[in-house]
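With these hints in hand, go ahead and build the complete structure from the sequences.
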Amino acid sequence: MKITKTLLLVCMALLLSLPVFAGGEGESTSGPAEMTLWTFQALHATLFEDAAALWNEANPDRQIDLTCETLPYEDLHSKLLIALQSGVGAPDIVDIEISKFPNYLKGKVQLEPMNDKVEEVIDDMVASRLEIYSKDGNYYGLPFHVGAAVIYYNTEIMDAAGVDIDAIDTWADYVEAGKQVVARTGKPMATLEVTDQWSFWPMISQGGGDYLGPDGSTALDSKVNNEVLQLQYDMLYTDKIAVKTPGGNHHAEEYYGAMNNGDFGSIWMPMWYMGRFTDYMPDLKGKIAIRPMPRLTPGGNRSAGMGGTGTVVTNQTKHVELAKDFLAFAKLSEKGNEMIWTTLGFDPPRWSVWDNPVMNQPNKYTDYFANDDIFGLLLEVKDEINPVNITESFPLASELVKTQILYQALSERTKTPAKALADAAATMRANQ
Amino acid sequence: MKSLTKKQNLAPYFFVAPFIISLFIIYLYPLISTVIMSFQEIVPGETEFIGTKNYRRLADPTFFKAIQNSVIYTVLTISLLIPVPMIFAAMLDSKSSIGSRFFRSVFFVPSLVSVVVAGTIVRLIFAQADTALINTLIAQFNIEPQNWLHGTRIHAMFLLLILALWRWTGINIIYFLSGLQTIPKELYEAADIDGASTIQKFVVITMPLLKPIIVFVTTISILGGLSMFEESYILWEGISPDNNGLTIVGYIYRKGFQHGELGLGSAVGLVLLIIVVFFNVIQLFFRGFFKKGAEV
Amino acid sequence: MNEPIKQKTISFSILVLFSLLAVVVLFPLLALLMSSFRPGSDLMRFGISIDSMFAAGKNLDNYKVLLFADKALYPYWFRNSIMILFLQTTITVFLTSLVGYGLAVYEFKGRRLLTSLVLVLMMVPLQILILPLYKMMISARLMDTVAGVILPFILSPIAIFFFRQFSLGLPLDLMDAARIDGVGEIGIYFRIMSPLLLPAYGAMAILEGLKSWNNYLWPLIVLRSNKSFTIPIGLNTLLTPYGNNYDNLISGAVIATIPIIILFLMFQRYFISGLSSGSVKG
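Residue numbers (this note's numbering), protein chains in the order written: chain A, 1 to 432; chain B, 1001 to 1296; chain C, 2001 to 2282.
In case anyone wonders, no lab produced these hints; they're calculated from the structure. Be aware that one or more of the hints could be misleading.
[As the list claims (entries may be wrong)] In silico lysine-lysine, DSS-like type, Cα no more than 27 Å apart, as pairs:
no.: 1; chain 1: A; residue 1: 419; chain 2: B; residue 2: 1065
no.: 2; chain 1: A; residue 1: 108; chain 2: A; residue 2: 135
no.: 3; chain 1: A; residue 1: 135; chain 2: B; residue 2: 1053
no.: 4; chain 1: C; residue 1: 2211; chain 2: A; residue 2: 108
no.: 5; chain 1: B; residue 1: 1065; chain 2: A; residue 2: 415
no.: 6; chain 1: B; residue 1: 1211; chain 2: C; residue 2: 2211
no.: 7; chain 1: A; residue 1: 223; chain 2: A; residue 2: 364
no.: 8; chain 1: A; residue 1: 364; chain 2: A; residue 2: 382
no.: 9; chain 1: A; residue 1: 318; chain 2: C; residue 2: 2135
no.: 10; chain 1: A; residue 1: 106; chain 2: B; residue 2: 1185
no.: 11; chain 1: A; residue 1: 318; chain 2: C; residue 2: 2064
no.: 12; chain 1: A; residue 1: 364; chain 2: A; residue 2: 179
no.: 13; chain 1: C; residue 1: 2071; chain 2: B; residue 2: 1095
no.: 14; chain 1: A; residue 1: 324; chain 2: A; residue 2: 106
no.: 15; chain 1: C; residue 1: 2135; chain 2: A; residue 2: 106
no.: 16; chain 1: B; residue 1: 1053; chain 2: C; residue 2: 2135
no.: 17; chain 1: C; residue 1: 2227; chain 2: C; residue 2: 2064
no.: 18; chain 1: A; residue 1: 106; chain 2: A; residue 2: 187
no.: 19; chain 1: C; residue 1: 2006; chain 2: B; residue 2: 1095
no.: 20; chain 1: B; residue 1: 1185; chain 2: B; residue 2: 1095
no.: 21; chain 1: A; residue 1: 135; chain 2: A; residue 2: 318
no.: 22; chain 1: B; residue 1: 1201; chain 2: C; residue 2: 2008
no.: 23; chain 1: C; residue 1: 2227; chain 2: C; residue 2: 2008
no.: 24; chain 1: C; residue 1: 2071; chain 2: A; residue 2: 318
no.: 25; chain 1: B; residue 1: 1185; chain 2: C; residue 2: 2227
no.: 26; chain 1: C; residue 1: 2227; chain 2: A; residue 2: 324
no.: 27; chain 1: A; residue 1: 364; chain 2: A; residue 2: 117
no.: 28; chain 1: A; residue 1: 415; chain 2: A; residue 2: 223
[As the list claims (entries may be wrong)] Stretch by stretch, here's where chain A covers chain B in the computed footprint (C-beta under 8 Å, at least three residues):
no.: 29; region: 1044-1058
no.: 30; region: 1068-1078
no.: 31; region: 1172-1186
no.: 32; region: 1249-1262
Think of the CB as a built atom: it goes at the ideal place given N, C-alpha and C, for glycine as much as any other residue.
And the structure:
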């Protein structure tokens, strides 16, 4: 009977095809070492690809064949968690975003400690950026940047409104300037994220606030956090100088489009946001000036060290030493830190390179922004950055900020700022 | 069944063997193991029994919201996706219908569309920009552009319902059409002679005789509704504002795979099982399924 | 109003209603198709609009990148989806038809229990078992394999139930005749009954095929490397603000959809009659 035969054939085909995906991971002893790297940010992949090319030039006997895969943010982190728990399927090297990092430090850590590489250079680095990716004295993740928060002004709009951005010293000044901008141009001074944390977190950090205390206890409902959230609420609804970010956050296409169109006066984001301007908002070339953040209190900090991604080597790599050496080359060496600036436009965590000549040479970032000396600005504010506390509860705290506090207090106004913070803090305490 | 001889002792077991094997491997073993896991804390390299802590941790407003969302979604999908396709099927089946073969194919087409694609389309036509299709449409009625995806809880549920209606109406129409074909036409002719109106015929003849199909569709809708995950995962990439799109399975996924808490995730899974069984028992009870002599 | 005119009015209004609905139902797909020739980032910015559907500047770039670019992944995803679709559908249909048939035509010890179990399992969402199943796949070393993706689904209780219902209507006297001719029980299924089950095979093949083609949650967990993704999993990896891949997303969505619709239109008559003939009795 035909059907019987077909079905038997199919069953055989099944048996034969099982190893199709399982194969292909075999180790080849000769030739370049094959390595896979996962990232959630396509721009990061370019850095690693460039670094791999340089590495291969310099190390002909230790060649790497690097494959970078860009996965969506949530997918990457859950797939990695699954892979590390199951002991199979993890890449050799992977980017883990700061909000998720503590999830990978639970139990027996499935990542390779980088201590031997880190300890060689830690005196030249902004150490707090390495400590946020460490546990029990082991450094696991290597940072991309300091993440100094700055404010980007659209000078065309500021000029049209007659605002002198250098005269803005505090957030109160900023709000006043904003009113002038709205009155004269009809355009909002700022956009506030309501589905992500980059508008809120830097401002609380400026005032010494944070999600967690140094001991990991909840600090979401602190006085500073309340003041900042109320200030943001007032910007939106009382002073009406700001609007909710189109698309909810500053990485949405809706936002890029509107900002590129010249719809908003300014935006505060960490320095690593520069690449988003050059890549997604080409029409603003030459019109964007970078300045330190306004101060929350007179004499207070003008910046904050924000966000970050720790790149790690997993314990599933077949080339532990090679992967660690390559990662150290890309993230810790002077050359690597220079590349972090020249290819990504990030403020590299190794401060010993900040006054290297290459940092002042023209590149696509210096061409794009109206500043003369971007790194001078960084040097100016580097001592005005508070450390951030990243402990086991951080993923939950960050999730609450992104999905509940900002949404409830700023977007839908279902709760007052104080109530939204208090409720989230209660949730945190119930989970701790 | 009378023609069966009892000689063939082993043959029936050959036929049902795959089911018995899968019962143990795919259902029973994992079920037992999920019960055990729900009393454990599982982190790489260290697994320990922690008593009922996972269950106590379920007293979490986020979880309650997930249950609420799933239950509301289920109730709404059932109350739309049973009557609407049933009426459409009756209309397609009636002798007044022109081109019914064409229309039932057209209505079926969306169920061929993968949820990722359907979700992407919904995101794009319900985009926040005032140039997007739906926002330009409602502007005709002087309604302000809405932020559908990141709006209120009602917006979120509305999008999920639109998605469900679009994708499932066609398939339910087919189920009801197949049921309609089992209804003897003489019943309608007799009713015509008695001068019954179309609506009377629908209520008195069609609906009662469609009961088996209604039970079937309700059962799979309860299952589908309470275990919904993909739609919300695609629309909000796993994290919806204020958890407006979070479902029970979404909560399992979040706890198990995003936070790496397999034990807590297992406890959620068991709670979901209880809810599903509860809903089904209720609906079967109301349909007289437990009455004596009911045919399985 | 006399009867024929009334009849015609009703027919006409139903026709108008259904035509309108057909437009509403098909419009999103048309919009997707027409938008797929435009830059993806524009779509994410402004959404799909009538303007964007009919705007000038359409080209095939999105499709070229999707299919022919260096390191294009989409062809892999397509191949994987087809392979999983084929294997999952044939195995599921074969095994569930055996079980459903066995439950329907034989009287044996445990039959009632097994039948009730099928009904109970129809009400158990497999999703609640993803965590233990996932642990099981790890110990069985089936992560990132085809077998791992399809294994939990091959004994679909709904399909078993469908085949049981269908088999209840099989002419059992044929079996007795065959037995007299010396045909074994297994032979009876393959030689005598399977041709009669063809419509049921067809209906279930399409339903199970659809399920496999669109399966999301489980492959998302099992599949790891981006060359082993299926289309839905792969497409979703393009839906990220950090990837700059929206061009591929839209054209990939079209290619994931159009072939299925064409296949359906070709076989729809068979499908719908198959489903109807297996009329599901509660």
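Earlier hints that do not hold, by number: 4, 7, 10, 11, 12, 13, 18, 23, 25, 27, 30, 31
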